[in-house]
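Mind assembling these two chains? They're in different frames, but the hints should get you there.
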Amino acid sequence: AQSVSQHNHHVILSEAASLELGCNYSYGGTVNLFWYVQYPGQHLQLLLKYFSGDPLVKGIKGFEAEFIKSKFSFNLRKPSVQWSDTAEYFCAVSVLYNQGGKLIFGQGTELSVKP
Amino acid sequence: DTAVSQTPKYLVTQMGNDKSIKCEQNLGHDTMYWYKQDSKKFLKIMFSYNNKELIINETVPNRFSPKSPDKAHLNLHINSLELGDSAVYFCASSHRGGEQFFGPGTRLTVL
Chain A
1 AQSVSQHNHH VILSEAASLE LGCNYSYGGT VNLFWYVQYP GQHLQLLLKY FSGDPLVKGI
61 KGFEAEFIKS KFSFNLRKPS VQWSDTAEYF CAVSVLYNQG GKLIFGQGTE LSVKP
Chain B
1 DTAVSQTPKY LVTQMGNDKS IKCEQNLGHD TMYWYKQDSK KFLKIMFSYN NKELIINETV
61 PNRFSPKSPD KAHLNLHINS LELGDSAVYF CASSHRGGEQ FFGPGTRLTV L
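Chains A and B, in that order, give the protein sequences.
Per the working numbering, the first sequence starts with residue 1, numbered consecutively.
Per the working numbering, the second sequence starts with residue 1, numbered consecutively.
Only chain B is shown next, with the shape it has when bound in the complex (with noise of 0.2 Å):
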């Protein structure tokens, strides 16, 4: 069983267009977390929602706009996408403070 899952795993797109990547997860966990992964695998925080309220949103472009409609969904919106956005996006789920799990990841390829 997935414990967190994203879809999907592979996103190729043009500049300007908006998309959108899904992470889900099954622990029971209250809190949801987005990071980016750059080329250099530097990992950086960008949201966290705890029961489904927002409580860390790392100076991300408004572009980015996360939804979370229940404690196990936490979904990526990203609106015209620039060259910069590509990256892999990683999901992750804790008890607030304690280890996080990481979904699969979701590799964004912007042309």
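Chain A on its own, in the form it takes in the complex (with noise of 0.2 Å):
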């Protein structure tokens, strides 16, 4: 069965310090791939998205990420956080073609940042 697992459970930073959150899938097959944030008590927010093409993709409010297919990692990253980034992070893939396109989230990571 599919599966995405993300690296960190919760992370501290501090204002401007540089953010990677580690997300792999298991699956072979072709994926598209998600990351979403989750401000404290709202819903999920699409913050960026992979389906072909360029492997490095830009999203909202800075954040980017890099899809490496040989390592099946799609990593977030952002040089400099803001308090205003405090919110969990959530990877998550679907799988084309079948399974209804459903999404199939890692555990999320919980963002604190320092003012």
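Treat each hint with caution, since some may be false.
[Unchecked claim] Computed footprint of chain B on chain A; a stretch qualifies when at least three of its residues, placed anywhere within it, have a C-beta under 8 Å from a C-beta of chain B: (1) 6-17; (2) 61-67; (3) 101-107.
[Claimed, not checked] Simulated restraints on C-beta separations: (4) B:K52 with A:E15: 19 to 27 Å; (5) A:S5 with B:P69: 35 to 43 Å; (6) B:H95 with A:Q45: 15 to 23 Å.
[Said to hold, decoys possible] With a straight-line cut-off of 27 Å between C-alpha atoms, the simulated BS3-like cross-links for lysine-lysine are: (7) A:K58 with B:K22; (8) B:K36 with B:K19; (9) A:K49 with B:K41; (10) B:K22 with B:K44; (11) A:K114 with B:K40; (12) A:K69 with A:K58; (13) B:K71 with B:K40; (14) B:K41 with B:K19; (15) B:K22 with B:K67; (16) B:K52 with A:K69; (17) B:K9 with B:K22; (18) A:K49 with B:K19; (19) B:K44 with A:K49; (20) B:K67 with A:K69; (21) B:K71 with B:K52; (22) A:K71 with B:K44; (23) B:K22 with A:K114; (24) A:K71 with A:K49; (25) B:K52 with A:K61; (26) B:K41 with A:K58; (27) B:K40 with A:K61.
Hints in this document: simulated from the structure, not taken from any laboratory.
Heads up, the beta-carbon is just placed ideally off N, CA and C, and yes, glycines get one too.
Here's what the structure looks like:
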């Protein structure tokens, strides 16, 4: 069965520090890849997505992610975090052509940014 | 304009009761989903409907019954509520396989 693994459960950074959140998935076929963010008490919002093409994708709020097919990874990065980036971050995969396009989520990474 | 809306936002009820959560999307998507987020914030697919047809049922107890009266609506009815059903339930919609847009969630508390 497909699965998604996020390396860090809780990350604490100071403002202006650089961020990298790891994500690996297990599936040998074609996938779409996503990073979602959930601010405290709110719903999930899409940060960025990868369907095909350039493996380095840019999203909202200065986030970017790199798809490395050989490593089954889709790590999220931001060069300089802000206090407002404090949130829960979810990596997700959808499998094409079957399984109804359901999203399989990682466990989430809680990011706390200290001002 | 709200893209994916859910009602109610909060639902507090006693064990054994039956309750429903409603979801509507105005994005013209053909696929709708229900996800459950547990107390550890883990998100898991429950159901998916494509053009009103059930396409995913992820080993959810049959106390949970989704209903899709049309492509824009996907409701979730839960019978005989149990303590373990307490969670946040998110509705989402997409074109099949594409980016999913999530509703604001319904926080269900079973006492």
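Structure-based check of all given hints:
1. Using a Cβ-Cβ cut-off of 8 Å, 0 residues of the segment 6-17 of chain A lie near chain B, which falls short of the minimum of three, so the contact claim is violated.
2. Counting residues of the segment 61-67 of chain A whose beta carbon lies closer than 8 Å to any beta carbon of chain B gives 0, which falls short of the minimum of three for the stated coverage.
3. Counting residues of the segment 101-107 of chain A whose beta carbon lies closer than 8 Å to any beta carbon of chain B gives 6, which meets the minimum of three for the stated coverage.
4. In this structure the supplied range 19 to 27 Å is violated for K52 of chain B paired with E15 of chain A, their Cβ-Cβ distance being about 48 Å.
5. A C-beta distance of roughly 38 Å is found between S5 of chain A and P69 of chain B, which places it inside the suggested range of 35 to 43 Å.
6. Look at H95 of chain B against Q45 of chain A: about 18 Å separates their beta carbons, and that is inside 15 to 23 Å.
7. At roughly 34 Å between alpha-carbon atoms, K58 of chain A and K22 of chain B are farther apart than 27 Å, so this suggested pair is violated.
8. Our distance criterion of 27 Å between C-alpha atoms is met by K36 of chain B and K19 of chain B, whose separation comes to about 15 Å.
9. Annotation: proposed proximity of K49 of chain A to K41 of chain B holds, straight-line Cα distance about 21 Å (limit 27 Å).
10. Taking the CA atoms of K22 of chain B and K44 of chain B, the gap is near 18 Å; set against the 27 Å cutoff, the hint holds.
11. With a CA separation close to 22 Å, the supplied pair K114 of chain A and K40 of chain B stays within the 27 Å bound.
12. At roughly 17 Å between alpha-carbon atoms, K69 of chain A and K58 of chain A fall within 27 Å of each other, so this suggested pair holds.
13. Between K71 of chain B and K40 of chain B, the direct Cα distance comes to roughly 31 Å. Violation of the 27 Å bound is thereby established for this hinted pair.
14. Only pairs whose Cα atoms come within 27 Å are accepted, and K41 of chain B paired with K19 of chain B is accepted, the gap being roughly 22 Å.
15. Distance restraint check for K22 of chain B and K67 of chain B: the Cα-Cα separation of roughly 10 Å lies within the 27 Å cut-off, and the hinted pair is therefore satisfied.
16. Between the alpha carbons of K52 of chain B and K69 of chain A the distance comes to roughly 35 Å, so the proposed pair goes past 27 Å and is violated.
17. Distance hint between K9 of chain B and K22 of chain B is fulfilled; the C-alpha atoms sit about 10 Å from each other, no more than 27 Å.
18. Proposed proximity of K49 of chain A and K19 of chain B is contradicted: the alpha carbons are some 35 Å apart, above 27 Å.
19. Taken as a hint, the K44 of chain B and K49 of chain A pair is honoured in the structure, with Cα atoms around 19 Å apart against an allowance of 27 Å.
20. A C-alpha spacing of about 38 Å is found between K67 of chain B and K69 of chain A, which places the hinted pair above 27 Å, so the restraint is violated.
21. Note on K71 of chain B and K52 of chain B: the hinted pairing holds, with a Cα-Cα distance of about 6 Å set against a maximum of 27 Å.
22. A hinted pair counts as satisfied when its Cα atoms are at most 27 Å apart, and K71 of chain A with K44 of chain B qualifies at roughly 24 Å.
23. For the proposed pair K22 of chain B and K114 of chain A, the alpha carbon gap of about 38 Å is over 27 Å, so the pair is violated.
24. Annotation: proposed proximity of K71 of chain A to K49 of chain A holds, straight-line Cα distance about 18 Å (limit 27 Å).
25. Taken as a hint, the K52 of chain B and K61 of chain A pair is broken in the structure, with Cα atoms around 35 Å apart against an allowance of 27 Å.
26. Restraint check for K41 of chain B and K58 of chain A: the C-alpha separation of about 26 Å stays at or below 27 Å, so the hint holds.
27. With a C-alpha separation of about 26 Å, the suggested pair K40 of chain B and K61 of chain A falls inside the 27 Å cut-off, and the hint holds.
Of the hints listed earlier, those the structure fails to meet are numbers 1, 2, 4, 7, 13, 16, 18, 20, 23 and 25, in rising order.
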